[in-house]
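Participant: Chains as they are written, first to last, in the numbering used here: chain A, 8 to 575; chain B, -16 to 450.
FYI, nobody ran anything at the bench for these hints, they're computed from the structure.
Take these hints with a grain of salt, some might be off.
Straight-line C-alpha distance at most 20 Å; calculated EDC-like pairs for lysine to aspartate or glutamate [as the list claims (entries may be wrong)]:
1. 119/A <-> 264/B
2. 339/A <-> 297/A
3. 244/B <-> 264/B
4. 206/B <-> 297/A
5. 522/A <-> 163/B
Which bits of chain B does chain A cover? Going by a derived footprint, with three or more residues having C-beta under 8 Å, they are [said to hold, decoys possible]:
6. 149 to 155
7. 202 to 208
8. 211 to 224
Beyond 12 Å from chain A on every Cβ pair, some chain B residues (computed) [as the list claims (entries may be wrong)]:
9. 76
10. 168
11. 172
12. 189
13. 450
Beta carbons: idealized from backbone N, C-alpha and C, even for Gly.
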Amino acid sequence: MKLFSTFLLLSMIVSACSSPPSRPSYRLGSGDGIPDPDNPNDPDNPVDEPIDDINSGELNITFNTAIPRLTHDEWENTVRDAFLLAGRPGLAAKFTQDDNSTIFHNDSDTNKVTTGLWKDYQEASEELGKRIAGDANQVKKLIPADAPAGEKLERASAILKPLLLRAYRRPATEAELTGLSNIFNKGKSLTGNANYDAAGFQAVTAAILQSPQFIYHPEYGAKDGKVAKLTPHEVATRLSYAIWKSIPDQALLDAAAAGKLSTEDEVKVQITRMFKDPRATDTVKYFLNELFETKKFVGLTKNKELYPKFPNDLGDTLKREAEMFIEDVAIKNNGGITKLLTSTYTFVNDKTAPLYEVALPGTMELTKVELDPKKRSGLITQIGWLAANATSERTSTIHRGFYVMNRLACDSVAAMVGSDSKPMMEFKTRRDELTSKTGTCGGACHNSYINPPAFALEAYDASGFFRDKENGNPIDTAGVYGKEGDPDPQASFKNAVELMAAITKRKTTHECFVKRAIELVYNRRTNDLDKEIVGRLGKESLDGMGAKDILVELLSDVDILGLRSDNQ
Amino acid sequence: MQRRNFIKGSGALLGLPFLESLVPKNANAQDVNPNSFAIFIRHPHGVVHSHWWPRKPQAGLQQNPQDEGQATTATGILKAENMWADLACSKMMPHLARTAFIRNLKMGFPNRNCHHNIHALQLFTGSDVRYSEKQGDALPTSESMEWAIAKQFHPTVDPLVMFAGNKRSFLNDTTSFREDGSKVIGENDPLKVYNRIFGMAPKDDSAELLRKSVNDYVREQIKTIQANPRLSASDKSRLDLHFSTIRDVEKKIAKTLPAVKVERLNALAKDSGALQAANADRLDEVIKLQMDIIALAISSGYVRGVNFQMLSGIDDTQFTFDGQRLPPAHSISHHEGVANNAGENIRLLRRLDMFWQEAIAYLATALSQDMIDNKPLLDYGVIMAASELAEGTSHSENNVPHMLIGSANGRLKTGEDFNFGRVSNAQVLSSVGWALGLKNKGSNEPMTNFGSDKNTAKGRINGLIKA
């Protein structure tokens, strides 16, 4: 029964945007690469034919790596906290990018150490070693008061013990300590630096930061069927990277050592404590800023002739506006996805107020204002997001709709084609144009999931300015989201405001929000092992649970926190 | 003279670890020239076919073909008279004898479930595509050819994988894949690539000593983890990959770009915003700098396989040509860059096409500068430039533009405008692989088939190779 229900769930997910599965085939004709809808024999006209789904029937009990690699963001934080630096070293900006297949670029299954990244690690570790060696205060900070004097192995070992406890997130083994103490002890000859301690740190920093014990945070656990049960130290490390994106603190390591991370109550004690740290707040903010892609707002420019009201130095302000909105909704008011998509206020200054058609606040400081609730509803309808999902000349209509379908509803047809079968025709509005162009291949997804929100968001031009006409023609923003047979009923709406209200009433949206949270905190994609918690927290989200509380509840579930999918 | 003579350490000629890249592995010596190489370039959006290929002049028709109906296509031996100035192919004039246009190609596997990237994934892999619900992504089932080249000829050095433009879409990094089909991230910062290849020398002996000590320690650590019985086969494979990246000796390659170009690279990289802006607005300049680096990497013998993806295809790149800032390239490709003006969109798209061939010709010229045994370096290898789409509105997989520049040491036919009928893109790859001396997977037989066995059209193209 369980297997059947799992299969049913998976089938529903798979079929949400891919039924009927189709494959274009091609017939004899000109074959010039240009479709001719008037010629049924043109091989370039795509037609739909049913095919077998590639993975139909495959259960989604997956394998996740036992050796997740630090993301570059985690690398920065870990270096800062392990070496007691005042701030993040800023060296990872030059690294070969993390795999970009997922929203948070943190999929531990795909992030590996490649040749390019190894060189990046080498350069960064050597650079940091030099920085530490050149900073007497930093060297002093890293030396325990009780370290024995003299240029000898005992001193190196005493210095390295606490450092390795932080860097490796566990006590170092004797072999590790000996190996690194030898490198520290030979620092003067290895680096040419005449100061024993400084030279030792220069050498050993390079070794620690290139060590796989630093780069990976292992989650071997004990194999139990299709899962691995993590050890207490592994759980502690998972928690700290989930909440702080960095290493566990002493209290967490102590809890691990005492075996106090195995029940929900025990874990919750730690989580509650950890969420009082500003780093946890940063994680919540990071989650939502990445989800809404606010970094794309930086550097936004628009064609001055078409959008004279949009100053081309607005990007940073719009990003800050979104950050403040997220902070206000999710941190100050403990709101979740519903509030993020339906709140009708934002923060404006004298430059951005005209774009919202509200009164100037009389300052360049961003100030909280109420917007017209008939025109604006949440972050998706704010200037920054709308302008970022547009070119400098026109709206990115499909991209806006795709975002709603993919990011907010988790419909994962990540590579959709809009087959523009009538390229040379002229249209009054984008809606007319795209309705025509997406009617064949891709219609199954476009018509139900992408186009309805895309058309609703056509009420905002490429600068995010509200409009009711396009090229002098009325804009039709009404639509129906979803299709029959979906887990949620189809939702009718007249405009973007109603669309946002409808979306936030869908169970799918809230379950998707929980899935995104899982992706963030566990550095992996969701699988069927998560379905119970996705359903449970999805319902809580629908009832108003905030983003922070979803993260707390997610991490408190010891069956998720303490297990690794190990179906191999 | 072989390329090893170009490679220097800190002021002295050195035997370098990657010199083994110049020694064929598992290949018959007569099949493989030690200077052979292949560069795989993807240009996005397809092309405007009427102005991409060579065309025959006709009586009474000016070499300014406004009326497409009057001109006819030209296949056969490439002639200067067919490379009209208004055609994108005119940019290949300096390399006419070394160029092969291939018309009427199709992608081996059709679009399924409307996945936008399914063709790009095949472009240099010739592979079928698997769609993973778990990974939420479509991926090929086998490697792209630059990895096959690296595996056979320089297994300790990864091929060069680069990307032009800002990465803002799911079509980022869709052309380079390892043997297991895992995606390879292309580097879009040219300075980073340049420094990696040409600027990695330790400053002094002590730095080298430190690196050796650290590497020894790290290798031991990896072995320790690998010995853990709880580690799965795939995790052992991850560690194998990590282990293989560690190099004791990384020498600076003595070749450098002209100072003015290095200065420009540094200016672009002064902050991430500068590169981002250049990638969005001055990508033509960035692409040519990337081409310079590719040519240098080949001429110095650093690698023999390169994969270069130009744009994701759906980013917001806006080129500026002759003082005119074009609408975003993707919008133009959909004939939407200028609203309701199909003719103007086609004109702008043709301008983009001109640039693709100009950039490819620029690389060909750069590769022609070095002479080896009185032959230009270009003659020893091949540039395969291709788009996975026929054109930007239909996204058709039929008649996808492909061209080869360079004969791989005389083993590929060039100087022609070919139409082999409906051969597949995988067959071009198989032919290129054979010309380079690659072997069939798992055997020592000269390559007959690259990519998936499920390809309906497979095998080499006999008309393209000189057996």
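Participant: Need the status of pair residue 206/B, residue 297/A: alpha-carbon distance at most 20 Å?
Facilitator: violated (37 Å)
Participant: Are there three or more residues in the segment 211 to 224 of chain B whose C-beta lies closer than 8 Å to some C-beta of chain A?
Facilitator: holds (count 10)
Participant: Please settle this one: residue 189/B was flagged as non-interface, so is its CB more than 12 Å from every CB on chain A?
Facilitator: violated (4 Å)
Participant: Is it true that the CA of residue 119/A sits at most 20 Å from the CA of residue 264/B?
Facilitator: Violated: residue 119/A and residue 264/B sit about 32 Å apart, past 20 Å.
Participant: Report holds if the minimum CB distance from residue 168/B to chain A is greater than 12 Å, and violated otherwise.
Facilitator: Not fine: 5 Å to the nearest Cβ puts residue 168/B too close to chain A.
Participant: So residue 450/B supposedly isn't at the interface. Is its beta-carbon more than 12 Å from every beta-carbon in chain A?
Facilitator: About 28 Å separates residue 450/B from the closest Cβ of chain A, which puts it past 12 Å; holds.
Participant: How does the segment 202 to 208 of chain B fare against chain A when you require at least three residues with a CB closer than 8 Å, holds or violated?
Facilitator: Coverage by chain A holds here, the residue count being 5 at a Cβ distance below 8 Å.
Participant: What's the verdict on residue 339/A and residue 297/A, does the C-alpha distance respect the 20 Å limit or exceed it?
Facilitator: holds (19 Å)
Participant: If you draw a straight line from the CA of residue 522/A to the CA of residue 163/B, is it 20 Å or shorter?
Facilitator: Given that 20 Å is the threshold and the Cα spacing comes to 27 Å, the pair is violated.
Participant: Does the structure keep residue 244/B and residue 264/B at a Cα separation of 20 Å or less?
Facilitator: Roughly 18 Å between the alpha carbons, so the hint for residue 244/B and residue 264/B holds.
Participant: Are 3 or more residues of the segment 149 to 155 of chain B near chain A, judged by a Cβ distance of less than 8 Å?
Facilitator: Contact hint for the segment 149 to 155 of chain B vs chain A: holds, 5 residues under 8 Å.
Participant: With 12 Å as the threshold, tell me whether residue 172/B passes as away from chain A on beta-carbon distances.
Facilitator: The assertion about residue 172/B is violated, with a minimum of 8 Å to chain A.
Violated hints, in rising order: 1, 4, 5, 10, 11 and 12; the structure is consistent with all others.
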